[in-house]
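*Asks:* Below, each chain spelled out in residue letters.
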Amino acid sequence: MNPQIITQPAPARPYLLIHLAKDLRIEWRSKDALNSMLFFSLLVVVLFSLAFDPTAAVSRQISGGILCVATLFAAVTALNQAWTRELRHQMLDAQRMAPAPASSLFLAKVVANFLFVSAVQIILAPLFAIFYNLHPLGQSWLLALILPLGTWALVVNGTFFAALSIRTRNRELLLPLLLFPIFIPALLGMVQASTAVLTGEADPGLWIKLLAGYDVIFTTASILLFATILHAE
Amino acid sequence: MKTFRWIWLALTIGLLGYGFYQAMYVVPTEATMGEIQRIFYYHLPSWFAMSLFFAVNLGASITYLACRRTNPLRALSADALALASAEIGVVFCTVGLVTGSLWARPVWGIWWTWDERLTSTLVLWLIYVSYILLRHFADGEQMRTLAAVLAIFGYIDVPIVYFSTRWWRTQHPGPVIGGGGLDPSMWPGILWNAAAFLAWGTFVVGLRYGIERRRQLAEQRASLHALEATLELTK
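Heads up: the sequence lines are chains A and B, in that order.
This note's numbering applies: residue 1 is where the first sequence begins, and numbers increase by one.
This note's numbering applies: residue 1 is where the second sequence begins, and numbers increase by one.
The set of hints was computed from the structure by calculation and includes no laboratory data.
Quantities reported herein were computed from a predicted structural model and do not represent experimental measurements.
There could be a bad hint or two in this list.
Derived contacts from chain A toward chain B, CB cut-off under 8 Å, selection only [claimed, not checked]:
#1 29
#2 30
#3 34
#4 177
#5 178
#6 184
#7 185
Covered by chain A, according to a simulated footprint, are these stretches of chain B (three or more residues, beta-carbon under 8 Å) [stated by the list, open to error]:
#8 41–48
#9 96–109
Glycine included, every Cβ here is placed at the ideal spot set by N, Cα and C.
So that you can see chain A by itself, here it is in the shape it has in the complex:
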């Protein structure tokens, strides 16, 4: 390869925004991820409601957990799509040769998926309150902090492991197998914090700190190691 340095014209916008705009536009035109996630998580909510048939008090105890697990399962279906899309027409190889840093590609995917999963949660939350007959007893505005923190933890690791498992055999199967064990502490934090808010019996502060710490640690680790994953031969 020619080692000569080619001077690049500076991009009109930061690479992160270019990648993000591309991902959002693709999703806007196809709506694959959003539709599949919405329907999937709706199914989970209905199935759990039928399976447990909870009373109002019980549903306060369990619905935080069900919402988190429903989001988790739904996000896995969408995250697999996020990178499979790049495999068509050798897009991933083109990305590897592009002058843009790998971390901006990764972060844009994370932000895009974060927006999709959050959108699903916003649509799902009222339905949830209706189906489970929910009246939160704690400070419900804290949910606006807990759910984004938990979703970020899910999406940052999920996008990273989806990029990792895209390079293996049976890739769609491998993502949950790698993601779930690593995600367990964040899931615990998310479930405990939202249950604390719904029942109003405990203080969710400690769990919110745990989620924030988890987010910072794994976002840093993913950004540092993503180039290694992308360029793995």
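Put chain B on the given structure of chain A with help from the hints.
*Replies:* Coordinates of chain B only, in the frame set by chain A:
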């Protein structure tokens, strides 16, 4: 090398025998729990061995990532060591979980509880099983890089898992190391068995490492043959 291996094996068997003798006959019976407490002399040493081999796995994975461009031969041996230590670490983790469960049944009255240490160990076990699964699902240099990255992620997760489950709940007896909850007459049972488990684990890791190295060399020879065959064709 071969003589050394036989000496090491003899030493390991000797240590295992002596550790068994110490744990079963020499160390006094515990006052409240009785004979069942003796399983502890296998429970705690398996955690020592597990911690050591998972740390070796992390070190070997980082070495692989650091050397894979500059020194491919060292990187390959680091990768073989990472695989061997992860597998043996999972074996010791399983031994620890099973002995703990056998102890809990008569003492707590239950096989399992979602306590801080039990949960975090189970999550640790899950993480390393997923590491081994990843190594089965991919091939070649690509798989080695991906596995090394996953090993680093898994190791970062361990303290977070520990603290999160600790805030969640706790039931396990307090830590023996540093807590000072153990009678001095019981230490020989632990230390001899710990030495025996470490010797045995190192022996098996050595064997597994040798197998993996031979497999890597065979793979390289096969690809070299394939390359030579294409040269013959183009000549």
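*Asks:* All hints, please: hold or fail.
*Replies:* Right, here's what the structure says about each hint:
{"no.": "1", "hint": "29", "verdict": "violated (32 Å)"}
{"no.": "2", "hint": "30", "verdict": "violated (28 Å)"}
{"no.": "3", "hint": "34", "verdict": "violated (28 Å)"}
{"no.": "4", "hint": "177", "verdict": "holds (5 Å)"}
{"no.": "5", "hint": "178", "verdict": "holds (5 Å)"}
{"no.": "6", "hint": "184", "verdict": "holds (5 Å)"}
{"no.": "7", "hint": "185", "verdict": "holds (4 Å)"}
{"no.": "8", "hint": "41–48", "verdict": "violated (count 0)"}
{"no.": "9", "hint": "96–109", "verdict": "violated (count 0)"}
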